[in-house]
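Those protein sequence lines, which keep their order, are chains H and E. Just so you know, the first sequence maps onto residues 1072 to 1185 in the numbering used here. Just so you know, the second sequence maps onto residues 9 to 123 in the numbering used here.
It should be emphasised that the hints constitute simulated quantities derived from the structure, not laboratory data. Honestly, I wouldn't trust all of these hints.
Unchecked claim - Reference excerpt, derived from the structure (chain H facing chain E, CB under 10 Å, subset only):
| id | residue |
| --- | --- |
| 1 | Thr-1119 |
| 2 | Gln-1174 |
| 3 | Phe-1176 |
| 4 | Gly-1177 |
| 5 | Pro-1178 |
Idealized CB from N, CA, C, for every residue including glycine.
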Amino acid sequence: SAVISQKPSRDICQRGTSLTIQCQVDSQVTMMFWYRQQPGQSLTLIATANQGSEATYESGFVIDKFPISRPNLTFSTLTVSNMSPEDSSIYLCSVERLIQETQYFGPGTRLLVL
Amino acid sequence: AQKVTQAQTEISVVEKEDVTLDCVYETRDTTYYLFWYKQPPSGELVFLIRRNSFDEQNEISGRYSWNFQKSTSSFNFTITASQVVDSAVYFCALSATGANSKLTFGKGITLSVRP
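All chains, full assembly: derive it from the sequences and hints.
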C-alpha cells in the first residue's frame, strides 16, 4: 500500500474563512478521492480528483464550496470554502492504483469550525 | 443502487471474548468487491480485507476471520479473543469491480473492548 500524508492533521477555524487540505502520496497513483466524515457518521464521497482536469463531484457537493486540485499523480488539495460550523468533520483522502482496485486512506484532517 | 447495512451500532465486550460484526449488502452488479476497514480513535481508516464476489472462501488472518455468504448477501467479520487495541469503529464497504468504482460504506459499528 502507499504511504499517504495529509496536512494539516487538525485545525480550528472561524466561520467564513477557508482551509486548504493537502494530500501527498509517496508514489504515483491512478485515482485520488476526497471524503467527508461528519461527527459520528459514515464516510461520504465528496469528489474524485482528476489529474489535469476538473474534479468529478458527487451529488450535493459543488466546486465553489469544495474546490479541488490535482496537479500531478502524487498530490491533491481540497479547499473547504466559506466555512460554517456544519463543515466540522474529518476530511480524508484516499488513493487507488489501477490494478489494485482497493482504496487506501490518509490519516485524515480533523476540522472544527467555530 | 448499492447499499451496505451494519445493523449493530455499538458492541461492548470484555477482553478475550469473541465478537462478530455483521454486514449485509445489496447490489445489482454481478461482480463486486466487499471490504472491511478499521477506524481507531486516531481517525485513520485502516484497510483490513477485500473480498471478490466470486470468491466465497472464508478467510482467516490471525485473530480475524471473515465469513462471506453470497446466498444471504452477508460478509461478517469475527474477532477471536478480542483485545483492548481492537476498540475502534469498523466499516463494511462495497464497490463494483473495475477502475474508478465508488465505495459505498455502511454506517459503521463501534466496538469497545473492556479490560
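Tested hints:
no. : hint     : in the structure
1   : Thr-1119 : holds (7 Å)
2   : Gln-1174 : holds (6 Å)
3   : Phe-1176 : holds (4 Å)
4   : Gly-1177 : holds (7 Å)
5   : Pro-1178 : holds (4 Å)
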